[in-house]
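J.: So you can see what is in the structure, the chains are spelled out below.
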Amino acid sequence: MTKKSNQSRLYVPEPPFRPGDTPDYSHIAVPANHTPPRPDPLCDDHETVEHATSLIRVMRFNGDVVGDWVPELTADMKRKGLRDMMLTRAMDDRMFTMQRQGKMSFYMKSRGEEAVSVAHAMALRIDDMTFPTYRQQGILINRGASIKEMMCQCLSNAGDRLQGKSIPVLYSFRDFGFFSVSGNLGTQMIQAVGWGMAEAYKDSDGIASAFTGEGATAEGDFHYALNFASTYRAPVILNVVNNQWAISSFQGIAAGEGETFAARGCGFGLATLRVDGNDFLAVYAATQWAAERARKGGGATLIEHFTYRKEGHSTSDDPTKYRPENEPEVWPFGDPIERLKTHLIKIGEWDEGRHAAQEEDCKVEIRQIYKEAEKMGTLSSATNVNDFTMFEQVYEELPNHLEAQIEAFKEEL
Amino acid sequence: MTKKSNQSRLYVPEPPFRPGDTPDYSHIAVPANHTPPRPDPLCDDHETVEHATSLIRVMRFNGDVVGDWVPELTADMKRKGLRDMMLTRAMDDRMFTMQRQGKMSFYMKSRGEEAVSVAHAMALRIDDMTFPTYRQQGILINRGASIKEMMCQCLSNAGDRLQGKSIPVLYSFRDFGFFSVSGNLGTQMIQAVGWGMAEAYKDSDGIASAFTGEGATAEGDFHYALNFASTYRAPVILNVVNNQWAISSFQGIAAGEGETFAARGCGFGLATLRVDGNDFLAVYAATQWAAERARKGGGATLIEHFTYRKEGHSTSDDPTKYRPENEPEVWPFGDPIERLKTHLIKIGEWDEGRHAAQEEDCKVEIRQIYKEAEKMGTLSSATNVNDFTMFEQVYEELPNHLEAQIEAFKEEL
Amino acid sequence: MANPVTKQMNMIEAIRDAMDVKMTEDSDVLVFGEDVGYFGGVFRATAGLQEKHGLHRCFDTPISEGGIVGIAIGMAANGLRPVAEIQFADYIYPGYDQIASEAARLRYRSNGEFSAPLTIRTPVGGGIYGGTTHSQSPEALFTHIAGLKTVIPSNPYDAKGMLITAIEDNDPVLFLEPKRLYNGPFYGDPHTPSVSWAKHELGEVPEGHYKVPFGKVRKINEGSDLTILAYGTMVWVAEAAAKAAGVNADILDLRSLLPLDIEAISESVKKTGRCLILHEATRTSGFGAELSAQVAEACFFSLEAPIVRVTGWDTPYPHAQEWAYFPGPKRVINGIRKVMGDI
Amino acid sequence: MANPVTKQMNMIEAIRDAMDVKMTEDSDVLVFGEDVGYFGGVFRATAGLQEKHGLHRCFDTPISEGGIVGIAIGMAANGLRPVAEIQFADYIYPGYDQIASEAARLRYRSNGEFSAPLTIRTPVGGGIYGGTTHSQSPEALFTHIAGLKTVIPSNPYDAKGMLITAIEDNDPVLFLEPKRLYNGPFYGDPHTPSVSWAKHELGEVPEGHYKVPFGKVRKINEGSDLTILAYGTMVWVAEAAAKAAGVNADILDLRSLLPLDIEAISESVKKTGRCLILHEATRTSGFGAELSAQVAEACFFSLEAPIVRVTGWDTPYPHAQEWAYFPGPKRVINGIRKVMGDI
Ligand SMILES: Cc1ncc(C[n+]2csc(CCOP(=O)(O)OP(=O)(O)O)c2C)c(N)n1
Ligand SMILES: Cc1ncc(C[n+]2csc(CCOP(=O)(O)OP(=O)(O)O)c2C)c(N)n1
Ligand SMILES: [Mg+2]
Ligand SMILES: [Mg+2]
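Protein chains in written order, with this note's numbering: chain A, 1 to 413; chain B, 1 to 413; chain C, 1 to 343; chain D, 1 to 343.
Honestly, I wouldn't trust all of these hints.
Claimed, not checked - Label pairs and their in silico Cβ distance ranges:
(1) GLU168/C - ARG367/B: 26 to 36 Å
(2) GLU412/A - GLU204/C: 27 to 37 Å
(3) VAL5/C - LEU398/B: 53 to 63 Å
(4) VAL364/A - HIS191/D: 35 to 45 Å
(5) LYS148/A - HIS191/D: 50 to 60 Å
(6) ILE343/C - ARG100/B: 42 to 52 Å
(7) VAL70/B - ASN326/A: 49 to 59 Å
(8) GLU372/B - LYS216/C: 34 to 44 Å
(9) GLU407/B - PRO193/C: 50 to 60 Å
(10) LYS296/A - LYS216/C: 43 to 53 Å
(11) ASN400/A - LYS216/D: 55 to 65 Å
Stated by the list, open to error - Partner residues aside, some chain C positions facing chain D, computed with beta carbon under 10 Å:
(12) GLU139
(13) LEU141
(14) ALA264
(15) SER266
Derived by calculation from the structure, the hints in this document are not laboratory data.
Idealized CB from N, CA, C, for every residue including glycine.
The task is simple: from the sequences and hints, build the whole structure.
T.: What follows is the structure, given as structure tokens:
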């Protein structure tokens with residue numbers, strides 16, 4: 001692997017496998033019973049140092065649950081989690097296809113990472129503000145935001161609450177505790193810390209939860225977030241979704257010689273958890289722990305969600321150009337939907353028939369909603385967004401120079 | 001201490017003592033024999049995790065040397081180190097006084113931190129490029145740069161190699177492996193990583209060594225440096241000089257809940273050392289270890305130099321406004337010059353008489369050199385710098401628009 | 001003036017008073033930045049605020065301009081009114097992305113669902129031998145950013161009234177403080193004894209709450225020979241130079257760069273037919289370029305002579321050559337002569 | 001043309017070829033950035049360079065624009081010729097401090113003892129439905145920075161020659177790439193079938209080494225009615241709009257913004273007496289302001305009509321309203337009419 005780089009002493013890391021290689025991840029041990037113990041949420045941060053390098057898991061592949069972290073969730077809640085994940089995936093698939101048909105400019109799927117967003121949201125209060133990236137649409141689905149409004153945002157049409165201002169998937173749903181997603185990576189980590197500091201200042205017990213991909217942890221904002229959260233004991237959860245890839249760069253470019261991303265929090269005295277991101281129950285349990293810690297004044301927790309991006313980065317890239325085509329299948333941590341399904345069946349709360357039916361339901365429901373959404377316009381037909389709205393919301397009030405520009409724009413029509 | 005901040009749940013850290021308080025640092029244990037072992041410089045980074053939170057020391061206060069880290073230094077080298085530190089301090093004192101007399105716009109002392117710069121430089125090769133802050137003048141003194149030229153830079157006079165372009169102490173001495181000091185904190189940490197990557201690329205065994213104060217570790221550049229150094233196994237030493245203060249802010253503002261600054265490197269898989277920065281031999285030993293590691297391809301080391309800023313931040317502030325007046329005296333780690341002196345006397349290579357004489361020598365020498373330097377101009381008299389030089393070195397060649405501005409400037413004279 | 005009772009203040013005291021007034025009447029107002037807490041800021045602008053209002057309302061931050069702006073955005077979006085200090089404008093760049101990409105964009109991006117009503121205070125300009133990294137005037141790097149407001153007072157009265165306006169504004173405001181004016185007006189000649197605000201009428205600052213609106217120039221002198229557009233320190237240099245040149249100038253203190261009071265500006269230039277633009281920042285792509293373009297667009301047919309820009313040179317701000325760099329009276333007078341057609 | 005043997009290339013290929021030529025003849029040239037290594041960049045500009053020149057000469061970096069520029073400075077100061085890619089100009093701001101405070105200042109600060117001969121490549125401009133964060137044109141934020149050079153080609157021939165010039169330049173160069181021109185010239189109307197470089201004469205790119213100097217405009221059309229100053233994508237819109245408006249214009253492709261070829265510009269404006277300035281960036285404090293100011297300063301007595309700026313609006317770059325924001329043919333034609341005095 002270091003063959004080429006040894007042309008000089010300058011070392012450049014490379015992923016273990018590239019297109020043409022046969023990926024073999026047997027070296028990645030999937031811990032079965034080695035899940036670290038669950039300390040008290042208000043424990044000293046040192047008690048979570050081992051959690052930064054181990055992996056919190058609840059579900060075995062056979063559906064059994066083991067260890068300290070088994071959350072108390074009713075079968076109904078688990079079934080809701082399962083449905084939310086399936087709905088998220090169905091929506092992703094539909095939107096991806098529609099983008100290919102030119103209905104929208106762009107789309108991003110979260111396939112393989114649905115547990116991270118859905119289980120995380122389920123373990124928070126709806127008034128806990130989340131600062132998501134473009135890959136946590138599951139939060140909105142779980143919190144019951146309007147899927148039609150989400151679709152209309154992607155279509156930039158008359159139903160788009162953002163009136164076409166932003167590119168697809170950069171949603172904003174304040175009422176659902178979903179902060180306006182920025183196109184600039186990383187920036188929201190430190191903003192979430194500020195939001196959390198404001199909650200503390202106001203003596204509220206609300207918390208903030210911020211997301212970044214593992215690749216964007218290299219931005220300064222991630223460092224600022226760890227540092228300020230540590231200094232002011234901000235009530236926040238800082239989530240790193242390690243899905244192994246940053247567009248075409250494998251996680252080693254961001255990780256370097258570091259073993260895990262959770263470990264980046266240890267030097268700041270933050271609580272650090274590393275969780276199997278494909279294990280719905282584990283993500284729920286880890287989030288619940290961190291939320292309780294933050295809410296009770298214990299400060300911030302850095303959670304690394306160890307998962308895998310099963311599809312391309314977005315509609316703009318072809319993953320087979322930089323990683324083996326079958327890597328998603330051989331990735332040893334399975335699929336979050338399959339795994340929760342197996343568990344529910346194992347405990348007798350679900351069966352193949354209901355699952356197949358629900359899968360069909362989700363498809364149909366999404367197709368229906370999409371039909372409705374598309375009626376309000378698409379990029380390929382007409383977006384039905386009034387062009388003049390582009391001058392609004394730059395400032396609270398329209399300044400003179402923009403009024404003049406509106407007049408100039410009229411001359412073009 | 002958290003009294004005030006408990007007016008709300010927003011926590012804001014405060015230093016243990018403020019003006020009026022009687023500082024008591026007995027809670028800071030000064031480890032005597034607890035110095036961690038010295039692993040092989042090419043060891044796995046995990047073997048230095050304990051070094052990130054403990055403290056490498058060589059000299060006891062009584063002058064005895066103990067532990068694995070005792071460096072092989074001849075008495076002559078130790079005496080040179082002592083003299084370099086004394087010369088540095090003498091120069092600082094002189095320049096500070098001269099600034100007070102209006103001879104220069106500004107000055108910054110390094111009192112109490114002389115071992116960090118002098119011992120560090122002594123353990124490197126002169127062609128190893130250092131990226132210092134404004135408080136490592138000891139590197140230049142140790143490497144034999146012209147003190148007169150240093151003074152002329154501070155005086156911005158005809159002898160200033162920078163022709164008055166930069167404020168005092170922002171030296172640049174390429175031939176002495178001293179990178180142009182930036183007024184912008186932190187920025188040079190990542191530049192040093194680039195310099196080191198270039199050394200590796202060229203298959204040279206040269207290394208780079210970068211400095212930041214503990215306060216400036218909060219900048220993104222520190223994070224970039226840790227990350228890129230880790231990813232590309234750059235041959236660099238990243239030094240954090242923890243002198244407890246960042247102007248008026250105590251180290252806890254930057255450290256937050258983190259115990260040490262060295263520990264910030266652990267999450268990146270870097271080697272991490274924490275050293276008693278007032279212990280000349282310990283700084284030398286730690287630097288030597290890190291330099292060997294980098295030179296032999298083992299990658300970067302983060303060294304925290306634990307020391308204390310005995311004077312104000314610069315000529316612009318009065319430290320008694322934000323910390324107890326006698327805090328420097330009660331700080332438990334002593335003075336670097338006193339401690340090396342005690343050691344040299346203990347081993348029979350030095351005595352009080354010679355020390356007193358040398359102190360006088362340094363004063364005189366500095367006074368002589370300063371006289372010479374001042375002849376070339378001062379800010380209060382005339383700097384003797386040709387104003388037109390301000391248009392030079394913006395670009396390699398003078399562009400047309402600057403030529404026009406030179407003409408315009410002539411009209412003012 | 002909203003309030004008859006006045007107090008003589010220098011510019012630092014006026015700025016501090018504005019924060020004090022707002023912190024007293026609105027618990028949502030927080031003040032933070034490097035060294036602003038216990039110490040009260042390297043220029044003393046926040047001295048006493050921590051003691052009076054509490055550690056949690058006026059505190060030190062890590063040395064991280066990006067982090068400072070970042071938490072300010074999160075707090076502002078969550079209903080607070082943060083006032084962040086950047087110790088020197090020369091150090092604002094690590095926070096540039098958070099300002100330009102985030103604070104200025106949040107309202108637009110979310111179509112008004114979120115906004116960032118924050119204020120960033122930072123000292124600008126030279127005149128204190130601060131060299132390349134303590135003297136910069138980066139206003140033009142911010143007036144190009146849609147969604148941001150950029151203002152710069154030239155005296156204690158405006159400083160307090162404008163800072164209160166900034167804190168109450170529902171959009172992000174960059175509040176630039178000409179550090180050379182903190183203690184008194186500066187007429188551009190470092191060799192004459194410095195004047196203080198103590199006896200200056202603009203040092204008479206009303207107590208309590210009052211606002212100076214954005215987007216309105218302050219006319220310092222009514223004249224017919226030419227119009228001089230200036231802001232910050234250069235306002236005072238303009239006054240001195242016009243006197244020395246013996247011209248009768250309309251001198252406009254712009255105060256607010258974005259929004260800009262183009263009405264008052266063009267009205268004046270249409271009257272005088274001549275326009276001189278001053279700033280301390282480097283020339284190329286400085287804010288003077290925008291002023292020149294807008295004045296020409298609005299007043300082309302009234303202009304009797306080319307608009308002249310007098311600025312800092314296109315070099316970093318040198319240390320020893322500070323006064324050769326600074327656009328002092330001589331350079332301004334040459335500019336006046338030029339625009340008057342005398343040379 | 002320095003080299004008779006030519007090859008038809010689009011702009012991406014020409015840019016890649018420039019790097020390939022330099023990497024082949026000079027082992028000090030390194031190329032890096034986000035996704036530039038094995039993948040070859042999101043716009044494919046570095047495709048094949050890693051395979052050909054080795055992992056250590058063309059590699060991926062962490063997602064850290066500040067880090068990317070930071071290591072480039074260290075490498076450049078140490079004798080290498082780094083060529084760093086910033087994936088989109090909209091993401092350059094985290095690196096702004098390293099560019100403005102460090103790369104552009106190192107030579108001055110050290111009085112020439114150290115310098116930073118690095119090149120930063122980054123795609124600019126809209127036209128691909130990239131919305132607020134994939135469409136920006138931040139050139140004016142860099143032309144204000146003394147010590148930096150900012151250039152922007154409008155075609156494959158210039159792109160290759162200018163990139164080679166940039167890499168060989170001993171000062172830091174910001175090399176802006178109008179992404180809408182990567183595959184072909186764009187005349188401003190998204191609804192007409194897009195043209196490719198395949199049959200365009202400016203797609204005929206000499207093989208091997210050649211340079212296009214900075215500070216020299218390229219005249220596209222010789223005309224006497226008015227002068228149109230444009231760069232990047234707007235060069236092609238200018239051509240189409242002038243044709244449509246039926247005017248005979250001197251159209252200058254500036255190519256290099258700093259240094260600027262003010263001689264050629266004023267010569268043209270003195271001849272035509274009228275000047276239209278185009279850019280895609282937001283209007284206020286855009287580079288058009290500097291152009292307008294300099295043209296007025298140099299050509300005041302030849303100007304027969306006010307200089308007109310046609311630009312993007314002072315808003316973020318919207319997504320759905322992209323073509324309402326873009327300064328397309330209609331807006332340019334209105335500008336032409338205005339400067340010609342027809343409206
Ligand atoms: C500041 C910034 N730099 C670069 C980009 C371009 N970009 C968009 S997504 C992406 C990869 C992000 O990878 P990661 O952080 O791992 O998140 P993931 O896509 O895997 O969820 C990059 C480089 C950006 N949007 N913002
Ligand atoms: C980017 C930037 N922000 C702020 C400053 C102002 N400043 C100069 S020194 C200093 C304190 C630095 O403290 P520390 O890093 O601990 O270094 P020390 O002075 O203790 O050696 C500050 C805030 C600066 N020079 N650069
Ligand atoms: Mg990722
Ligand atoms: Mg310090």
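J.: Let me make sure I understand: some of the numbered hints might not hold for this structure. Which ones are they, in numerical order?
T.: Hints 1, 2, 5, 8, 9, 11, 14 and 15 not satisfied by this model.
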